[in-house]
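*Asks:* Fit chain B to the supplied structure of chain A, relying on the hints for placement.
Protein chains: 2
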Amino acid sequence: MLKTTTRLAAQMFAGAVVMPNLSAPIDTFEAMERYRTQIQALSRDFEPIVALFLNEKTEGEIKKHADRAFVVKLYPSGVTTNAFGGVVSLDEYGALFGLMEERGDMLLVHGETNGEALVREEEFAPIYERLAKTYPKLKIVMEHISTEVLANLLDKRKNLYATITLHHLLFTLDDLLGGRLNPHLFCKPIVKTAADRAALRRLAFSAHEKVMFGSDSAPHYRGDKECASAAAGIFSAPVLLPELTRLFVEHSSVERLQCFVSQNAQRVYNLSLPQKKVTIEDVPQTVEIECGGIVPMLAGELLAYRVAED
Amino acid sequence: MLKTTTRLAAQMFAGAVVMPNLSAPIDTFEAMERYRTQIQALSRDFEPIVALFLNEKTEGEIKKHADRAFVVKLYPSGVTTNAFGGVVSLDEYGALFGLMEERGDMLLVHGETNGEALVREEEFAPIYERLAKTYPKLKIVMEHISTEVLANLLDKRKNLYATITLHHLLFTLDDLLGGRLNPHLFCKPIVKTAADRAALRRLAFSAHEKVMFGSDSAPHYRGDKECASAAAGIFSAPVLLPELTRLFVEHSSVERLQCFVSQNAQRVYNLSLPQKKVTIEDVPQTVEIECGGIVPMLAGELLAYRVAED
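First to last, the sequence lines map onto chains A and B. My numbering applies: residue 25 is where the first sequence begins, and numbers increase by one. My numbering applies: residue 25 is where the second sequence begins, and numbers increase by one.
By construction, these hints were calculated from the structure, which means they are not laboratory data. Computed from a prediction, not measured in an experiment: that's the story for all the values here. Do not rely on the hints blindly, as some may be mistaken.
To be verified - Label pairs and their calculated CB-CB ranges:
hint, chain 1, residue 1, chain 2, residue 2, range
1, B, Glu325, A, Lys157, 55 to 63 angstroms
2, B, Glu140, A, Glu54, 44 to 52 angstroms
3, A, Lys182, B, Ser47, 55 to 63 angstroms
4, A, Arg226, B, Asn176, 34 to 42 angstroms
5, A, Ser230, B, Val278, 53 to 61 angstroms
6, A, Gly139, B, Glu153, 25 to 33 angstroms
7, B, His275, A, Arg204, 46 to 54 angstroms
Glycine included, each C-beta is placed from N, C-alpha and C at the ideal position.
Pulled out of the complex, with its shape left as it was, chain A reads as follows (with noise of 0.2 angstroms):
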């Protein structure tokens, strides 16, 4: 699977944050790094900067390593996929939380409450507040947002930034079970309402300067979707600048792509990766109906754009 999903990100983006909710969480430098390694091995022209996941371990791994800033992302206990050695109460973490204030690190967080799944995301929106109150030098990415709840909150907290997914803009609850039942657009956060996915459209086409994109592309295999208890997570890696390109141009946008999809998210993180340069052409092609045992999103569909072969 980790070929499959290197081998089509690299063929896209220069670098990716890469999520560590695997089945053994991403939760030492150690395995950070292996993971790291792991993924450079399959391809040398892609940088992954790897999250750390966070729990009880956090504060110590990152007091061992006082010399590099690291990415750490927060997951409520159980709120997706392998998220259920997650954060219980955010309240034994103020002394982490101070710290990576302190040093610069960055706080990755999928908002999501325990509570009805159509509005645990809106009933996070004042812990995000709260955290970003109490700790105003943390920078805060509010993972893949899906309410016009979060859209809003954007500009309240200088120190709250959002990454937005592709899935996100294009569907809605609708797509996923309006017409028949679609478990390939099942994802979490849930896609919402056409209120909430305009509001998410507005600040992608502005480009807005705290809002990068993030593509949340979770691969699982068909089986593990198609059946009686399918997992969430949409796989969208070999569509993601195709659809983006489109749906750009067809909003008069495109000129704003660019900063979306990398100069905003490099200069919030403060990275500089190297160069690369990806050519989209605006040729016809059929999305894959199966890339290595997984479905994507838009399987079989056609697309108006593609990426150009190198």
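*Replies:* This is chain B only, laid out in the frame that chain A set:
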């Protein structure tokens, strides 16, 4: 499939309203009679009340049979399985509704608009109100209500009735998609919030005199549910009375179960079905994993009650 469903229905009930949204809709008197005969051939001990699919043929069909009352089912076009031949504009059916009112026919309604999935039913509320007001003697049944909005509508108009399913009494959206995604709990209307379920439970547990149990049990083969594009419909037939019993017992309402599942409907429909005695025993049973290729609701789970063998 008809064999499986008829056997299960006849095991627990003296009769049932049989819905006409087959792949070839039951939209003529002849088709109704044929379907009724077919079902009765499978069980002598069961009275199917076949509803007529409302379309442009309906007025002609009921005029040809002045001597009998019809039960007509209105599907807005495309809102559920096999409903593409349904009603596009209610305005075209004024004459029919007036005629049905005079004759004493009943109008059953799948009350959803073509709006966003979670608000389709509440958007239909003003349509119910207008229908009920315009044809004050027409008995209108709001089928399988799923929201507090429709629960509250019931007492506003004398000629509005409602049915409630077992699955809308048991489940919320979180059971469908709050953790992993369960296509066997996917139906139209979609199961809603805990507050909606609470409103339905209040009506059911009090056996409100205008509320009837309606299973809306809808069989689909496993391959049409555990796939990339799952059909809407929950197959609850194997567990109906055992689970209703448990639920009513747990909510200290078991003395009102008989009204909810049987007496209210017989009074509203003005029926006198042959008496049938069904014994429910508190003997645990495990729900079958599959019945004739169909995965039932609660497949493989242990129920507290079972229907006693004859």
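*Asks:* Compare the structure with each hint and give your call.
*Replies:* Checked hints:
1. Range check, glutamate 325/B to lysine 157/A: about 46 angstroms between beta-carbon atoms, so the 55 to 63 angstroms window is missed.
2. For the pair glutamate 140/B and glutamate 54/A, the beta carbons lie near 47 angstroms from each other, so the given range of 44 to 52 angstroms is met.
3. The hinted range of 55 to 63 angstroms is satisfied by lysine 182/A and serine 47/B, whose Cβ atoms lie roughly 59 angstroms apart.
4. As the Cβ distance of arginine 226/A to asparagine 176/B is approximately 35 angstroms, the hint placing it in 34 to 42 angstroms holds.
5. For serine 230/A and valine 278/B, the Cβ-Cβ distance of about 59 angstroms falls inside the hinted range of 53 to 61 angstroms, so the restraint holds.
6. The supplied range of 25 to 33 angstroms is met by glycine 139/A and glutamate 153/B, whose beta-carbon atoms lie about 32 angstroms from each other.
7. Range check, histidine 275/B to arginine 204/A: about 34 angstroms between beta-carbon atoms, so the 46 to 54 angstroms window is missed.
In summary, the structure is inconsistent with hints 1, 7 from the numbered list given earlier, while agreeing with the others.
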